[in-house]
Amino acid sequence: MSSAKTGNILHNHKILVANRGEIAMRIMRACGKLGIPFAAIHTAEDAASGHVLLARAKGGEKSLFRVSSYHDANELMSVADEAACTAVHPGYGFFAEDFRFARRVTKRDRKMIFIGPSWKIIRELGDKINTKRLARSLGVPTVPGSDRPIYDEMEAERIAKTIFEFQEQQGITHPLVLVKASAGGGGMGIEEVYDPDQFRSVYRRVRNYALRQFKDEGVLIEQRIMDFNHLEVQIVSDRTGSNPVHFGTRNCSIQSTGLQKRIEVAPGFTPQALRYSFDAQKVLDDIVAYSLKMARSVGYDNVGTWEWIVTRKGEPFLMEVNTRIQVENGVSARIAKIRGQGGVDLIAEQIRTGLGEPLGYRQDDIDFEGVGIEYRLIAEDPDSNFTPWVGRIERFDWKDAPWLTMLTHVPDKLPYEIPTEFDPNLALAIIHGKDIQEAKARGAAFLDSLSLTGQNDSGASLKSNAAFLKDNTERILLF
Amino acid sequence: MIDISELLDAIKSSPYREIVVAAPHTGRMSFAALETGMCVHGPQGQWKEMPGTTLGTLEREGNPKPICAPENGEICRIHKELDGGFVEAGAPLVVLRHMLTRDEVQRIILQKTLYLFRAPERAKYYFTPETDKKIRATDAHSVTIRDGMELFIMSRMKREVPLHYAGPDGVIYEIYFKYNENLDAGAPLIGVCPRDHLHVIQDMIARVQTEWTET
Amino acid sequence: MHNNIEKRLQNLRERLAYITDIFTGKHKDSVTLLEERLASFAGRALSGACESAYAELSGVEDIFAYVERRLEKTLTPMDRVRVVRHPQRVCLRDILENVYDNFTEVGGQDEHSLDPSMLIARAVITRRRGKKTYMQSVMVIGQEKGHGAEYRNGGSVKPWGNAKALQYMGVAETEGIPIHAYIFTPGSYPIEDYPGAAQQIARNIYNMAGLRVPVVAVISEGGSGGAEAIGLADRRLMLSHGYYSVISPEGAAAIEGRLKNGQRASPELIEHCAANLKIQAEDNLKFGYIDRIIQEPPLGARPWHFDFFRSLRQELIRATDEVVISTRKTPVLRGLALARHRNPENDIDHLYIRWGLSGGAKTRLVQRRQRKLLRLSRQAARDRRPFLTKTATAFWDWISKPWVVFKYDFYRKHQRWITTLMEEINNEIDMFKYRLLSPWRKFSRRLPNRTENKAKELTALSSWKEDSRSRRWDYLSPRYKADRTLTCPNSESYGCLDLWGPDLFAEFAGVCSHCGYHFPMEPEWYVRNVFDTGSTFEFNSEIEAGNPLDFPDFSERISQAKKKTGAKSGCMTFEARIDNIKMVVVMFMGTFRGGSVGAAEGYKFVEAAARAAKKRYPFLAYVHGTAGIRIQEGTHGLIQMPRCTVAVRRYIEAGGLYMVLYDTNSFAGPVASFLGCSPYQFAVRSSNIGFAGPGVIKETTGMDIPPKYHRSYRALSRGHIQGIWDRRQIRANLKQALLTIGGRNLYYR
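Chains as they are written, first to last, in our numbering: chain A, 1 to 479; chain H, 1001 to 1215; chain W, 2001 to 2749.
Pulled out of the complex, with its shape left as it was, chain A reads as follows:
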């Protein structure tokens, strides 16, 4: 790979950073590293956010545009045209997994590059039933149950019965079956059945709900898996889609209520340091191999994450595929090194390959070293259902260390008013250690050194989840 050629490909581009906060800052920094100009957006609410300050510092006032909303694709297109951008980076959230947005970016009259997988892949893997069927067609394990909507009551009952019997044979004492509306999403129209005799009434309830809400009476029937670890495989590929590589696994099992991730650890298991009741290394190898197999078969052409659940018995099941860069990409990058290049910035890799540069290295060139832990610092109250806290941050310090990377959109100059429109994320802290024990110890040390205070108009002082993170540090990577 000649550097002149790569320079050419990236040279003529300008990227619209179609996001805010911490991810927007990371994208801008990556652009800076690659020498690509960018345009940034912000809303009136967000004018004091770190990403606005950074954009102003790096690109000047002319690279910054005030829009009415981050959710309005028209605004993004309008700004992209005005700023003569050639590519759009959606970050995560907002339009990251919106295949229509990706399609619009790539199909409009003034075509641009969508930095992410091509829209057809986003659409295909964004559909859970599709993903499940694709996985099964490749022999990738998925949660036992139906892989297509069931419309017939007799068939539904038969499948549910089989799932109950299957669990009994596996020695599960309290077998559970999930009935969900196939057209649903976001936790709507899902019910649990613990008694086979009740199945019929639950099924009818869900079916009628689905018919009313989604005009499609199809339901999915699956085994409900109770006790599992949540693992992810980080995949990166270039536009050829033929040679995907992985950047290891992550374990995201520490979550708040509502299944929001709070602590991520890379790699997913550490069989060298901890004892598991199953062959953890084999599980890691398997899920990586399966994920790559699927990526290869669909011609996956950017970064993405394969999400898995691993049961207490060590069975992996593919849950879904996130066709975007994730919040926690930094923790995987922290433990990886590319031979000859050193540290990895996954966002830079995403931009580089997204714009059409070939990957330039193979799986053998990637080395992993040590353990990374990522904490999400959030203004929320873990004691009352993780309710977000609104107010001003008055103090936000921590003790710097070479093993610590802090990613935050909270500007240096305080106080900072947290915008109310968005997730109350404040910062990501990535900690590195040579093994899990060291990483945990450093994590605890970081949390101890952290001082984060704030006030709001109603006089309540800042709530943060630091204590929750600290308590849970001990739990990570333990089943």
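Worth flagging that the hints you see were computed from the coordinates, not collected in a lab.
A few of these clues could be false.
Here are the in silico distance ranges between beta carbons for each label pair [claimed, not checked]:
| # | chain 1 | residue 1 | chain 2 | residue 2 | range |
| --- | --- | --- | --- | --- | --- |
| 1 | A | Ser201 | W | Tyr2713 | 30 to 38 Å |
| 2 | W | Arg2258 | A | Ala84 | 42 to 50 Å |
| 3 | H | Glu1150 | W | Lys2708 | 43 to 51 Å |
| 4 | H | Ala1206 | W | Gly2495 | 35 to 43 Å |
| 5 | H | Gly1045 | W | Arg2375 | 43 to 51 Å |
| 6 | A | Pro37 | W | Glu2492 | 46 to 54 Å |
| 7 | A | Gln213 | H | Met1050 | 33 to 41 Å |
| 8 | W | Tyr2713 | H | Pro1194 | 29 to 37 Å |
| 9 | W | Tyr2713 | A | Arg395 | 51 to 59 Å |
| 10 | W | Gly2655 | A | Pro196 | 40 to 48 Å |
| 11 | H | Met1050 | W | Gly2566 | 53 to 61 Å |
Being a predicted model, the structure only gives us computed values, none of them experimental.
We put the CB at the ideal spot given by N, CA and C, even for glycine.
Fit chains H and W to the given chain A structure using the hints.
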């Protein structure tokens, strides 16, 4: 009790309000043939179904949208320097000097007489679905509320929290917030009038109607 | 001065005022002549200078009569409209008092009435044969203009007035007495308050199409929907100075001149429209939409024209008798009786015919009425089918009839019986098998390889042929190609973001993804996306919309519409399937001259209904949009209201399932007749349904109507339609409606 005459006099001494018409979103702006000092009208018709004077056109993604005057008034300033160029969302376009109407004066005075239930935090507010339905079906005046009643949904940080009304029992007389609008903490949400005070309010309205002349 | 002279003078003054009003400034010399003569006589009579006042008065009266006769020949169509609208014109109460021998008002008195513009009375006609007198009762129903009395609302009947009329038609049917309907209306009062203008007229027409008593209608002012609400009759008589029209000349001028709210059409344009709409009695007689003209005195009948009432009475009795006679079974007797009646020499008062009908005669009466209407207006559409095709179609119709009768009336009944028997036998066998094999099942449950099977079943890829979710639209609106965004009309209230055209017009099927507002789509979208792919088969496409009245410039406009849409008329009829359920569909396309209905559209509708009845298919009217009756076709268009309703009624009574689905904007005549009469009407979201648009309502009633007055949700609340469907679910909803309303056999109740 409030001295209405005093209030009215205060308002009469400066009966204008400045309205800044800002760009609702980004796009290319072209102004209509208007000059400073010209008078424009707001939405008209029995149901305000006819839009106000077109101040200009904002075109974004091949979709030209008219920007109309929100109220009657006189143009104080047109940002003609933006004509034909790209504007950011929220950029001020036209400034109107609007003479307060009888209704607006009434609202100002009502705000001082009614019990105001205020936003506890900066957030978006909605009525609970049942209340919303009632208000849409008839009007706000018919909705009776009690202390401790679950009346609003407060939406912030992508989370929705129910909000309970605290204050005297009565009817909702005025609503001060719009759909999808971010309110600062302390901004009034609704004006509540206890049932036995209704006649006082009616008297007040009658006085404004007679004493305030619209030009 | 003698009292009698004063009276006659007053009469002359009124006649003069009448002439002035009618000619609005024309024929100044005649008017001046009459004025001078009248003034000079009046002056002399007042001062007592007249020697023989009576003789002189007669002279003046003769001059008046002479001038009136002369002016009669110059009457333009618009003058006739003014005649009909003049407060001095005879009105229904005058007729009740002068034509009938006795009457009792039953629909209220004067302003104390549910709707004073609708008058209902039981009236009696006395006839003599020899020494015997016969009393014959009729139900008189008609609009009362009350010589301009304000509370009569000019004969513009509110929906509840039409409902009252329908109620008393029912009473007449129960009592077995004929109905005399008098049409004195400029049009119906176009408001949607219950029972709704369009709905009630549709209900009236539908019921009149099957009324089992003789109905005779007399038209003086036949204004559009209001006329049809009581005008579907066995015999239609028309006063010679009346008009019968699809729209008032002013309304036509407003449409022709493309006038916006509040603008007034010029008198020339109105005159031009009145002349070209062919609204006079002779025109309508020629077209066959009326049966007979009753001659009025020069310049129109007024209450003092007693001769006119006499001839009206004769004609009415004759018409009623003829209707009764024509229901007789024996042709020879029928012919003789009719000939006797048609002979003008015979005094009809002395020929007594019983007006009561036997059961069989009632059926024949209804059949005759329906067939007569179905025959009308065919000549007004251009049937471009080659002669051979037409003959072949007719022949095929004829020979396939026995097969259809065999298939549906004989085979189906037996088939049901056999199926039931077979089902029962199968049940018994299944039960027996189950018992026999139960020991084996118990044993096999314990076999080990079942676990593997289970795991395999739960984790392996299942076969799934029909992925209904991935069904993409077969047809995309061509608008999807433009890279632009559109604003949802609801964005103000719902905060919808602008929609990207290529998403909106392709994947979203024209539906706002946030609030669900439906942007209008092309008719092709429905044809291709609602029905099974490739299942549509169009028929009668050669029947073309034409210009039967030779309305100026209209032929070009019709050919432009044909070129633009590629269709030959605003109506497309086809057979189609939804999941293999066959049906006949008639589609009114809003893209072809606003989806207006004229003779060709009506022809195709009637043919489609007949086809559905013959093939025993469900019949769906999909109204992509209709602006009403095509006014440039005049009464050729208007007659489609009763005509198509008759076709619908015949189809429904044969056991068919008729459904209507409205989209975009559906207004006026069609909604007030053959669409509105369906018991199953649905609407696509964001559609508008009503009788008259906001402009017309403002024009006729002076009321401002709130925005969204005609929205489908309002129509649903008013009880006009039965449900509202999302466009993307039309196919599913239609299938469900067919299966639930039509049942398993879809056609037969």
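These are the hints, each one checked on the structure:
The hint said 30 to 38 Å for the Cβ distance between serine 201 of chain A and tyrosine 2713 of chain W, and at roughly 34 Å that hint holds. Here the CB-CB span from arginine 2258 of chain W to alanine 84 of chain A is close to 45 Å, well matched to the stated 42 to 50 Å. Distance hint check: the CB atoms of glutamate 1150 of chain H and lysine 2708 of chain W are about 31 Å apart, inconsistent with the given range 43 to 51 Å. With their beta carbons about 37 Å apart, alanine 1206 of chain H and glycine 2495 of chain W fall inside the hinted range of 35 to 43 Å.
Between glycine 1045 of chain H and arginine 2375 of chain W the Cβ separation comes to about 49 Å, which falls inside the hinted range of 43 to 51 Å. Range check, proline 37 of chain A to glutamate 2492 of chain W: Cβ separation about 38 Å, and the 46 to 54 Å hint is violated. For glutamine 213 of chain A and methionine 1050 of chain H, the hinted distance range of 33 to 41 Å is satisfied, since their beta carbons lie about 38 Å from each other. At about 36 Å, the beta-carbon gap between tyrosine 2713 of chain W and proline 1194 of chain H stays in the expected band of 29 to 37 Å.
At roughly 55 Å, the beta-carbon separation of tyrosine 2713 of chain W and arginine 395 of chain A lies within the given 51 to 59 Å, and the hint holds. Between glycine 2655 of chain W and proline 196 of chain A the C-beta distance comes to about 46 Å, which sits within the given range of 40 to 48 Å. The hinted window of 53 to 61 Å between methionine 1050 of chain H and glycine 2566 of chain W is violated, with their beta carbons roughly 37 Å apart.
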